[in-house]
Amino acid sequence: MSGPIHIRKDETFTLNVGPQHPATHGVLRVKMEMDGEYIVKAETVLGYIHRMHELMGENRTYPQVLPNLSRLDYLGAMGYTHGHVLAIERAAGIEVPERAEYIRAIMVELNRISSHLFWFGAFVMDLGGFTPLMYAIQDREHILDLMEAVTGSRLTYCYFRFGGLYNDVDDDFINATRAVIPMLRKSLKKYDALVTGNIIFRKRLEDIGPISAEMCRKYGATGPVARGAGLDFDVRKNEPYSVYPEFDFDIPVYHECDSLARYKVRMDEMEQSLRIIEQGLDKLPDGPIMPKKKPKLIKPPVGDYYQAVETARGSFGIRIVSDGTKNAYRFKLRSPTYSNMSLFDEACEGMMIMDALAMMGSLDLVIPEIDR
Amino acid sequence: MSLTILNAVVAVVAAIAFAAANAAYLVWAERRGAGRIQRRPGPNVNGPLGLLQPPCDGIKLMTKQLMIPGGADKALFMVAPVLAMAPAIMSFVTIPFSETIVAHSMNVGVLMIFAFASLGGMSILLAGWGSRNKYGVMASVRAVSQNISYEVPMLITVITIVMMAGTMNLKELVAAQAGGIWNWNLIPSLSSPLMPVSFLIFFICSLAETNRAPFDLGEAESELVAGFHTEYGSMGFGLFFMGEYANIVIGASLITILFLGGWDCPLGLFPGVWWFLLKIYMLIFSFIWIRWTFPRTTIYGLLNLSWKILIPISLFNLLLTAGLLKVF
Amino acid sequence: MIKEKMIQALSELFPDPEPIVEEPVVEAAEDEAADDGKKKKPKKKVEPPRVNGVLERDHAAHGYDIDVQLDPGELLAAVMIIDKAGFFIESITGVDWIKEKQLESVYDFSRYDHDLCRIVVRTRTPRDNPSVPTISKIYPGASWHERETHDFFGIKFEGHPHLIPLLLPEDADFHPLLKDFKP
Amino acid sequence: MGAYFSEIFLGLKSLAIGLGITFKEFFKPVVTVPYPYKTLKMSDRYRGHIELIENEDGKPKCVACGMCQRACPSGCISLASKSVEYEVEVKGEMKTKKKKVLTKYDLNFTTCSLCGQCVESCGFGAITFSKDYNLASFRKEDFHFDLLNRLKERNA
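As given, the protein sequences belong to chains A, B, C and D, one line each in that order. Mapping the first sequence onto our numbering, position 57 (from 1) lands on 57, and the numbers just tick up by one. Mapping the second sequence onto our numbering, position 6 (from 1) lands on 378, and the numbers just tick up by one. Mapping the third sequence onto our numbering, position 46 (from 1) lands on 746, and the numbers just tick up by one. Mapping the fourth sequence onto our numbering, position 11 (from 1) lands on 894, and the numbers just tick up by one.
FYI, nobody ran anything at the bench for these hints, they're computed from the structure. In this text, all values refer to a predicted model and were calculated from it rather than measured experimentally. Keep in mind that the hints are not guaranteed to be accurate.
30 Å max Cα-Cα, derived DSS-like pairs, lysine-lysine [to be verified]:
1. 326(A) / 799(C)
2. 896(D) / 190(A)
3. 1023(D) / 944(D)
4. 237(A) / 703(C)
Covered, in the sense of this in silico footprint (three residues per stretch, anywhere, with C-beta under 8 Å from a C-beta of chain B), are these stretches of chain A [stated by the list, open to error]:
5. 17-26
6. 114-128
7. 201-207
8. 342-351
9. 354-361
Here a beta-carbon is modelled for each residue, glycine too, at the ideal position from N, C-alpha and C.
Please model the complete structure; the sequences and the hints are all you need to start from.
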């Protein structure tokens, strides 16, 4: 939808969406200048739950930062912890046993599905349909149960360790996961029929909230936002890490650039994650889950290290500047939603408020992760 | 038929009681129904099956303080919820539940119900405007444009039926459909082959008129917080709520009278009034069912639907029926 | 390959006399050796700060391919080259080198296609008056990253249209990631 | 014109499919657990707050080395100990030895992030996770756990 043809500057009003607003999923505030229902100008205000994780990363020893990473994004915590352990392993040169890497990949993908499922529900709720959220949560619950049985917690896992894992998976987990996969496939079909095919849903998303490939590049958008703009970019393929090169999976890419494209990317990604989990379970090698020799104190050599991983929301980067001590000299977290959200101000200009909020939902925001 | 004062008082009290009881227990039914659809039990703590939930909610709402936001237009702010409830109750007066159970049968019954239904839009406008809230104003503007554009196809559809029956009296409209399912207006006849389409149009319009999902743009909780009743608490909010559910009952009764043969019984097992109630509660269930299945439409999608699809089709249907009535 | 092309293009920013162009190459080789040997040689530690120039890095060891250090004045030219080559902006951050009395701002750029190449651009400014030109004109997405870096380090991005605190409170007058920050 | 009607028709069909799905769900059994009346069993590895483990004598296994205290990222563990002399039989003769005995083990659960670093760092297997999750109170002080006391209560 295009904006109003004629805006009179003296007839606009300011609308504060947030910090407490049902559509912002947290404490995000968008200052909107409105002409009726049309947005003339928007300015995002962040920092309502800024916790300065980067300073904590500098003040604490490397292992002590581990729990912080899962507090960044409470829905896809595994992916973020994965990035952290990979970065430290790269910096300190720790070898990881193969079994541990496979379990990591399985866990990250399970978490990706659970994150996407929750996003799916919350997104449809943004559009006014409440029931899909409940169905999504039911399915997510099965995944959380699986992960709880292994990691011991449901949301903020802190399961990965430098060089390996906190504890091993057992046959119960493997069998239960195998049982959950077909169930999830069935549910995905249900969602397709209930939501994706729905005419009201499609009408609300088709050609709404265009984010072009060039815009993605200028703002550094990654993840499903970039893939919905026709960019074949997934860190798992572009910059392979862990055991992802061993798996056969596709990167769903849609060229429509609208909210529906971003929605479809995520829905397809769940199927791909299921494929990765299946292969991971098949290939899961025996062996230890922690390296035989692991430095007692982790002190990466002096240098500057960067690690990117593909989380549920996009490319998460972690930069560690080490000065050779047990604390990081600089601990930078590049959160994907931060970049994805930064294009909202420009993209929503001239849109109607309900379309803009639908687009905001399609960006898959998790505010603690933006604010860090 | 002259209306004695006693008659009027009894009628109004009965209407209020019916509306209030319905509003209270439809909230319960809605929550239970939504719960079942989402595979959770819904309210089940207060009383058996949670049946004491509505009185508890009512007590809670009544004991809360009525807050008037600073800078609000006090008069409009107070009038709006009453205006939401009153027309709904007034409309009950003319609805025939059976041949005998009707407070006051009027020969312009359909017209009267539509006149009162328009007042509902007014209350939303006043509420949004009076509460001095930007979300409220936006919501009320939406709701009014929605009400106006959906009254048009609704009335055109009603004209079709009135034309066929030759009366505006609700009782006579039902009487015209008596004598079995095939006589109901829902079933296409030679003179009006597009009646199921009319029914669908009327059904969609009554969803929109009562501000129900997927057309609940007036309260669009995910974008406009709570829409026109953002600033309302306590019984002000309660009245809006009751008004909404009373309107649903009226919408369902109107559909029943116009399309489903009113108290006409397909099998004749029990008295007509029970058939009437059964029909309206089936319709209300479908309202609830629809609400918990679909996402919300956009405001332009909603207006497009009305002006580009519903109005042309209903106009075509009107002309077709008029022509066929002349032929047969 | 994009990597060689970018090294070529970025090296042209340093048209200084030959020894300086030579030096980074030597350092790079040494650096590789240092990484292989795990332990840095003691003489490395007393080495003077890095000279401006382009370094090629091992992706497996560092996570990035090209490391460019330049003066703030050359930043815009370098970023324009990178922009023209189709890179996307990944992040901007700072590092407080308190011993050298310098603040470093670090820019990460990466690519969407499968020709993997991550470029890190570094520029150092004096700590008492840190000022770097903004790149938000070239990459509008840099605007938030620059505001964040300004919050945390106090680096002024000259020409930034809206350099107010983003993550910190609006009236924050402290920069928490400076090493001498006391909460 | 054909597209107009086919869109209406397909739209209605998609709505009907959606209604069919929710109608089917309507008759399926409820999946939720009515929480305060019924609770689920926690998995074996559930990570609740920490708890001291006793040895055969019912005394805490903990030797008060303080590793957990140091490993904790949030600094929520504080412990104190005193030296106690005790006699032990070594090669047939009694010798007096000194050892540290735990006198206080406080867990400030309000700042605990349940990461499990303490349990992992413990070289003596002296602490474990509890399965306690029904934790609610209006007072902050209720979450300053005295683990030694809890151990005693458990034994009593």
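- Task: Mind taking a look at whether chain B covers the stretch 201-207 of chain A? Criterion is 3 or more residues with CB to CB distance under 8 Å.
- Result: With 3 residues in contact (Cβ-Cβ under 8 Å with chain B), the coverage given for the stretch 201-207 of chain A holds.
- Query: Does residue 799(C) lie within 30 Å of residue 326(A) when you go C-alpha to C-alpha?
  - Reply: Given that 30 Å is the threshold and the Cα spacing comes to 19 Å, the pair holds.
- Claimed coverage, the stretch 17-26 of chain A by chain B - three or more beta carbons nearer than 8 Å: holds (count 3)
- Under the criterion that the straight-line Cα-Cα distance not exceed 30 Å, is the pair residue 896(D), residue 190(A) satisfied? At roughly 15 Å apart (the allowed maximum being 30 Å), residue 190(A) and residue 896(D) satisfy the hint.
- Query: Are 3 or more residues of the stretch 354-361 of chain A near chain B, judged by a Cβ distance of less than 8 Å?
  - Reply: With 3 residues close enough to chain B, the hint holds.
- Check of the stretch 342-351 of chain A against chain B for coverage (Cβ-Cβ below 8 Å, three residues minimum): violated (count 0)
- Task: Take a quick look at whether residue 237(A) and residue 703(C) sit within 30 Å of each other, Cα to Cα.
- Result: 18 Å, holds
- Item | Residues of the stretch 114-128 of chain A with Cβ under 8 Å from chain B, three needed, outcome | Answer holds; 5 residues pass the 8 Å Cβ test.
- Query: When you check the alpha-carbon spacing of residue 1023(D) and residue 944(D), does it fall within 30 Å?
  - Reply: 28 Å, holds
In this structure, the one hint that does not hold is number 8.
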